[in-house]
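Peer 1: Here are the chains, one letter per residue:
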Amino acid sequence: MSVKGPSALRIADVAAAVGGSLVGDPETVVSGIAPLDRAGPGDVTFLASARYASMLASSNAGAVLVSPQLADTPGTCRSRIVVDKPHEAMLTLLPLLYTMPDRPFAGVHPSAVVASTAVIAPDACVEAFSVVGAGARIAAGAWIGPFSHVSDGVAVGPGSRLVSHVTLYEGTRIGARTTLHAGTRIGSDGFGYVSGKDGHRKVPHVGRCEIGDDVEMGANCTIDRGSLDATEIGDGCKFDNMVHVGHNCRVGRLCLFTAGTMVAGSTNIGDGVVLAGQVGVAGHVNIGSGAILTARAGVISDVPAGETWGGFPARPHKLAMRGYGALAKLPDFMKRVEQFMKDRRDS
Amino acid sequence: MSVKGPSALRIADVAAAVGGSLVGDPETVVSGIAPLDRAGPGDVTFLASARYASMLASSNAGAVLVSPQLADTPGTCRSRIVVDKPHEAMLTLLPLLYTMPDRPFAGVHPSAVVASTAVIAPDACVEAFSVVGAGARIAAGAWIGPFSHVSDGVAVGPGSRLVSHVTLYEGTRIGARTTLHAGTRIGSDGFGYVSGKDGHRKVPHVGRCEIGDDVEMGANCTIDRGSLDATEIGDGCKFDNMVHVGHNCRVGRLCLFTAGTMVAGSTNIGDGVVLAGQVGVAGHVNIGSGAILTARAGVISDVPAGETWGGFPARPHKLAMRGYGALAKLPDFMKRVEQFMKDRRDS
Amino acid sequence: MSVKGPSALRIADVAAAVGGSLVGDPETVVSGIAPLDRAGPGDVTFLASARYASMLASSNAGAVLVSPQLADTPGTCRSRIVVDKPHEAMLTLLPLLYTMPDRPFAGVHPSAVVASTAVIAPDACVEAFSVVGAGARIAAGAWIGPFSHVSDGVAVGPGSRLVSHVTLYEGTRIGARTTLHAGTRIGSDGFGYVSGKDGHRKVPHVGRCEIGDDVEMGANCTIDRGSLDATEIGDGCKFDNMVHVGHNCRVGRLCLFTAGTMVAGSTNIGDGVVLAGQVGVAGHVNIGSGAILTARAGVISDVPAGETWGGFPARPHKLAMRGYGALAKLPDFMKRVEQFMKDRRDS
Chain G
1 MSVKGPSALR IADVAAAVGG SLVGDPETVV SGIAPLDRAG PGDVTFLASA
51 RYASMLASSN AGAVLVSPQL ADTPGTCRSR IVVDKPHEAM LTLLPLLYTM
101 PDRPFAGVHP SAVVASTAVI APDACVEAFS VVGAGARIAA GAWIGPFSHV
151 SDGVAVGPGS RLVSHVTLYE GTRIGARTTL HAGTRIGSDG FGYVSGKDGH
201 RKVPHVGRCE IGDDVEMGAN CTIDRGSLDA TEIGDGCKFD NMVHVGHNCR
251 VGRLCLFTAG TMVAGSTNIG DGVVLAGQVG VAGHVNIGSG AILTARAGVI
301 SDVPAGETWG GFPARPHKLA MRGYGALAKL PDFMKRVEQF MKDRRDS
Chain W
1 MSVKGPSALR IADVAAAVGG SLVGDPETVV SGIAPLDRAG PGDVTFLASA
51 RYASMLASSN AGAVLVSPQL ADTPGTCRSR IVVDKPHEAM LTLLPLLYTM
101 PDRPFAGVHP SAVVASTAVI APDACVEAFS VVGAGARIAA GAWIGPFSHV
151 SDGVAVGPGS RLVSHVTLYE GTRIGARTTL HAGTRIGSDG FGYVSGKDGH
201 RKVPHVGRCE IGDDVEMGAN CTIDRGSLDA TEIGDGCKFD NMVHVGHNCR
251 VGRLCLFTAG TMVAGSTNIG DGVVLAGQVG VAGHVNIGSG AILTARAGVI
301 SDVPAGETWG GFPARPHKLA MRGYGALAKL PDFMKRVEQF MKDRRDS
Chain H
1 MSVKGPSALR IADVAAAVGG SLVGDPETVV SGIAPLDRAG PGDVTFLASA
51 RYASMLASSN AGAVLVSPQL ADTPGTCRSR IVVDKPHEAM LTLLPLLYTM
101 PDRPFAGVHP SAVVASTAVI APDACVEAFS VVGAGARIAA GAWIGPFSHV
151 SDGVAVGPGS RLVSHVTLYE GTRIGARTTL HAGTRIGSDG FGYVSGKDGH
201 RKVPHVGRCE IGDDVEMGAN CTIDRGSLDA TEIGDGCKFD NMVHVGHNCR
251 VGRLCLFTAG TMVAGSTNIG DGVVLAGQVG VAGHVNIGSG AILTARAGVI
301 SDVPAGETWG GFPARPHKLA MRGYGALAKL PDFMKRVEQF MKDRRDS
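Protein chains in written order, with our numbering: chain G, 1 to 347; chain W, 1 to 347; chain H, 1 to 347.
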């Protein structure tokens with residue numbers, strides 16, 4: 001998230017760190033990572049796809065991480081590191097060159113308002129203007145950013161982080177090593193009413209939200225609490241910004257939900273499901289493990305495990321694509337067919 | 001919203017409270033409500049739809065609320081309560097078994113920043129880190145949650161609640177018994193510019209927002225102020241999370257807007273209108289009372305009162321569904337017709 | 001944004017101020033601006049489009065700003081001002097009749113938490129409960145509203161405003177005269193993971209966000225930081241509420257993004273591009289300067305400069321409209337063609 005300013009490394013040390021083989025000058029010094037078109041002599045860049053190979057020739061990078069397939073791509077970098085998976089090598093390299101964000105202090109900022117019955121681990125950090133309610137528990141290494149609202153009875157697991165302006169409604173449980181970005185709301189009441197002559201009567205929501213371990217949610221997401229029991233988000237899920245999940249949903253492990261995706265209430269989603277950008281899922285449906293919904297898909301029925309679906313109403317992606325293709329040809333097709341029928345009728 | 005821990009009730013007392021007839025053991029004690037598949041011996045569950053009838057047999061619930069039509073559904077619960085509308089009975093039962101959330105105290109938290117000209121009813125609650133501006137009025141029984149920004153000249157009606165991190169821009173008026181969930185913004189400037197050679201010049205927004213009585217809005221909604229007069233949301237409207245309403249809109253009474261619905265500026269919406277998930281409505285259109293827009297509908301023209309429309313561009317729902325059905329058949333249809341025409345030409 | 005109460009003006013002075021010619025009583029006094037149907041004798045209204053001409057006859061406005069083409073529209077206002085561009089005249093008139101919002105004070109509110117290494121211009125305003133991090137710089141005339149989170153190393157340019165509850169992540173740069181509405185998040189981590197057997201490993205985001213001059217963003221927007229370098233939003237861009245821009249995007253000058261628009265990562269957008277409501281743009285595509293994407297467009301490929309595209313997948317708007325038109329006729333067309341083929345086969 002943050003950057004405290006890069007360190008500097010000999011490229012030979014970089015090669016050793018990522019387990020790659022060095023070609024060229026071992027003494028090149030790099031202090032940053034940059035994309036091909038913006039890198040300078042003090043940067044290492046990377047080339048992992050043939051699509052961008054032509055950009056290497058004009059790159060000013062001091063060094064490049066390159067996959068074996070592209071090792072001989074023309075370019076003028078002083079040093080090359082040939083490595084199987086340049087993107088994974090980047091993950092190793094980033095913490096060596098950049099300082100990763102960490103808790104600014106251990107303890108509770110004097111401005112925070114903490115209930116006397118809250119339990120906060122000594123090495124946790126509670127930043128300025130945070131509210132921690134009665135019976136809340138903040139585990140070891142947790143980082144509660146400014147303007148956090150940790151309501152009564154909430155549990156935040158070890159090493160988890162609320163970045164800023166996060167709301168955790170009453171009873172929410174957050175697992176370990178989970179990050180919630182600014183403005184995300186966990187445990188708001190679900191959209192449930194009993195409608196009658198006297199208007200829409202609210203269904204009180206007495207359930208809660210349970211978020212697993214190693215989850216990351218982007219900015220301004222909303223996850224509603226269950227009406228009676230829990231809305232559940234499984235371990236390892238990663239949500240982009242502005243994702244919404246309705247009450248009573250159960251989302252499995254390792255799902256990826258891209259920005260603007262919205263899931264209505266009481267829907268069950270398996271493990272490893274991918275919902276691409278602006279996908280919508282109706283309530284009370286089942287999406288099987290490993291299913292992929294392509295961007296803008298609108299799901300109104302069950303989706304079998306492992307299948308790729310798209311379009312609205314969502315159906316198998318290939319069929320949806322065939323439909324769009326046919327639609328593009330439809331106006332001319334209609335004109336030709338109308339003419340054909342007219343000719344036959346006239347003849 | 002919150003739960004302070006359930007009480008316990010004899011099932012005979014539950015039957016009396018909901019006006020149902022008891023079958024089985026009158027001494028069963030329940031302390032919670034849970035769905036069929038998660039209820040235990042200390043829970044009451046409910047069965048209101050034949051769709052879920054098969055789940056009763058394997059439910060471990062101590063008691064079940066069941067509609068007369070489903071009264072004889074096989075199952076092993078110790079006690080049954082037969083009642084006309086199990087969902088409405090639930091609304092009666094929930095406050096008996098659960099403590100509903102209420103203002104934690106009356107008065108103003110010492111950390112709040114309140115203008116000297118603000119008027120706050122003695123029994124209202126203003127929680128930590130709230131800002132209340134000049135001339136603002138907070139009525140009796142209102143509950144201003146932490147991190148509320150109540151700007152100058154705002155009026156919050158009796159019994160209304162700002163849950164957390166809510167922003168009310170200058171001059172906003174909130175009616176009685178209205179709840180705004182975390183991160184909702186009322187009265188932000190509308191999207192209005194006069195574009196010319198020197199860029200987009202902002203139209204100053206001197207109007208305001210007026211939200212009626214008994215409204216509920218979910219988390220992270222945005223309602224823009226009027227450019228000259230008011231954007232109005234009528235009594236009894238219920239909005240899900242991430243709903244957006246543009247400047248100058250007038251929304252009638254008892255409307256339901258589901259998550260992700262967005263209404264552009266200067267649109268008029270009647271009473272009792274339902275906008276399902278991710279609906280979009282263009283600016284300057286009229287939607288008649290009682291109209292229903294199905295999920296993902298994109299409205300670019302007026303919608304008559306009482307009609308159900310869908311699709312994009314939105315049209316009567318049945319036509320939209322026929323269109324989707326035809327589109328699904330289109331690729332094969334085209335192939336057959338092309339072959340037919342070829343055959344006839346060849347012959 | 002806000003209004004402190006209108007002043008009062010002689011209509012002859014209004015005419016002089018907007019450079020229009022006065023017809024009727026020069027002594028009419030107006031103290032507000034209102035739409036045709038809501039204006040009273042103390043208001044000036046405006047008529048710029050023939051579409052609303054019939055409303056002038058029944059308007060109770062004291063005066064009207066009217067374009068030369070509509071100067072003779074029937075109506076009973078005491079005074080008329082004929083002016084070339086009534087909407088632009090309104091921009092001149094609004095600050096004369098209404099007090100525009102301004103910083104409530106110069107300096108730092110005593111409740112704010114400001115790092116000792118932050119540099120704040122003497123005439124800047126930092127409101128209650130704001131956090132300003134190490135090395136942050138707040139320029140002259142900037143207005144940091146309540147609950148602002150200005151992280152370490154952020155720079156806010158002269159005259160810019162954070163309305164309320166805004167988060168600026170580490171290293172964000174905001175230009176001059178830029179306004180960010182309530183709940184907007186700048187610089188959250190992008191949605192980037194390397195997926196493998198052990199789940200989705202986060203790509204640390206060491207880039208930042210750079211927002212230009214004269215930008216306005218609505219409420220609850222999210223702009224992600226770059227993974228390695230900067231996500232850039234150019235001068236003069238205006239975003240509506242709930243707009244999302246992904247990591248590494250470069251958006252040119254003077255673009256207009258309407259509510260609910262979402263742009264995935266690494267996409268390049270030229271100058272003066274218009275993305276209408278609920279548009280989605282895939283990652284790694286290019287949208288040329290001056291392109292317009294109509295409401296709900298879903299862009300999955302490059303869009304040439306100056307073209308208007310729409311639909312999903314987006315294509316030239318005219319083709320998309322022809323497609324929707326054909327789709328509406330498709331069910332009947334299919335029926336007729338099937339009958340035709342049957343008849344010919346039978347014959």
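It is worth saying that the hints were derived from the structure and are not from the lab. Honestly, I wouldn't trust all of these hints.
To be verified - In the DSS-like style, the derived pairs of lysine-lysine whose C-alpha atoms are separated by at most 27 angstroms in a straight line are:
#1 Lys342(H) / Lys335(W)
#2 Lys342(W) / Lys342(H)
#3 Lys342(W) / Lys342(G)
#4 Lys318(G) / Lys335(H)
#5 Lys329(W) / Lys342(W)
#6 Lys342(G) / Lys85(W)
#7 Lys342(G) / Lys329(G)
Predicted model only: the values in this text are computed from it and were never measured.
Peer 1: Evaluate each hint against the coordinates.
Peer 2: Okay, the hints, checked on the actual structure:
In summary, the hint linking lysine 342(H) to lysine 335(W) is supported, as the alpha carbons are separated by about 16 angstroms, within the 27 angstroms threshold. Restraint check for lysine 342(W) and lysine 342(H): the C-alpha separation of about 16 angstroms stays at or below 27 angstroms, so the hint holds. The suggested pairing of lysine 342(W) with lysine 342(G) holds, with an alpha-carbon distance near 16 angstroms, which does not exceed 27 angstroms. Pair hint lysine 318(G) plus lysine 335(H) holds up; C-alpha atoms about 25 angstroms apart against a cutoff of 27 angstroms.
Between lysine 329(W) and lysine 342(W) the CA atoms are separated by roughly 20 angstroms; this keeps the pair inside 27 angstroms, and the hint holds. Distance restraint check for lysine 342(G) and lysine 85(W): the Cα-Cα separation of roughly 60 angstroms exceeds the 27 angstroms cut-off, and the hinted pair is therefore not satisfied. As the CA atoms of lysine 342(G) and lysine 329(G) are separated by approximately 20 angstroms, the hinted pair is consistent with the 27 angstroms bound.
Hint violations for this structure: number 6 only, all remaining hints satisfied.
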